[in-house]
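Could you put the whole structure together from the sequences, leaning on the hints where they help?
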Amino acid sequence: MNPTNQFADLLTLMARLRTDCPWDAKQTNASLQKYAIEEVFELVDAIASDDKSTLATESIKGELGDVLLQVVFHAHLYDEQGRFDMADVIFTLQEKLIGRHPHVFNKENLTTDEDIRRRWDEIKALEAKDRPKRLLSDVKSGTALMYAQNLQKASATVGFDWENLGGVLDKLQEELGELQAELPRADFSYKADKLNQSQKDKIADELGDVLFVLANLARHLDVDAEMALQNANAKFKRRFAFVEKSLMAQAKTPKGSNLAQMNEYWEMAKADERH
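Numbering (the UniProt record's numbering), first residue to last: 1 to 275.
Don't read these hints as lab results, they were simulated from the structure. Worth double-checking, as some hints may not be accurate.
The calculated EDC-like cross-link candidates involving lysine to aspartate or glutamate, where the alpha carbons are at most 16 Å apart (straight line), are [said to hold, decoys possible]:
id	residue 1	residue 2
1	LYS245	GLU264
2	LYS171	GLU206
3	LYS153	GLU114
4	LYS237	ASP45
5	LYS235	ASP45
6	LYS153	ASP222
7	LYS140	GLU114
8	LYS202	GLU182
9	LYS194	GLU182
10	LYS61	GLU80
Below you can see the structure in the form of structure tokens.
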């Protein structure tokens, strides 16, 4: 298949849906926002769960298509408003990629990943120099975890950061202590539904601080916090699927089993992953 022809056919299909499908016809850029977010997360989940099987391959291909649909749909709506069309989107992307890769297109001598990332950030700053803003006003949001890491990265550019990993670890211990101090009893033998709203609010505030520091810890370790958690989610799903499958082989279900039985299969799943 010719990708150029396929893409042109997709644009034609989008226009047809916009005129002939009642649901597509009533959509706006605002109404589609939640679908754009959902589709991106479904793609990330499919990639994180990739086991190289035919089913996984088809899943990733389908999710990539769903994300592409969002791009095409939004561009078509803006085209209807007379603001820009899909060709403008592609041209803008091409110009950005060429401009931010001087080591490829202008033969600048950038040999390390650090040099390339530093130059990328410098070029981004030059592109934005005529837009007055405060330091954190242009930080991309994304998920809460991504936003936390991006905020910390931005503030670090002006020196508002710990000098080394030790400072982050000390802060983490401090925040964990503050969280524990808000818990009603030291033996932790209670359920959350026994807490009043004031207690829950204080705990949520301290837990947020812990999560924020964990995101910063990931940044200091040069780890993408969002991807680390996505991978952990995929790992949990994979291991629990093994637990369910093992129980089904004995005509059992998780609900009809005790924790000890499920933990036994969980440990087996962990052991299998290490081989």
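Here is how each hint holds up against the structure:
no., hint, in the structure
1, LYS245 with GLU264, "holds, 13 Å"
2, LYS171 with GLU206, "holds, 12 Å"
3, LYS153 with GLU114, "holds, 15 Å"
4, LYS237 with ASP45, "holds, 11 Å"
5, LYS235 with ASP45, "holds, 11 Å"
6, LYS153 with ASP222, "holds, 11 Å"
7, LYS140 with GLU114, "violated, 21 Å"
8, LYS202 with GLU182, "holds, 7 Å"
9, LYS194 with GLU182, "holds, 14 Å"
10, LYS61 with GLU80, "violated, 29 Å"
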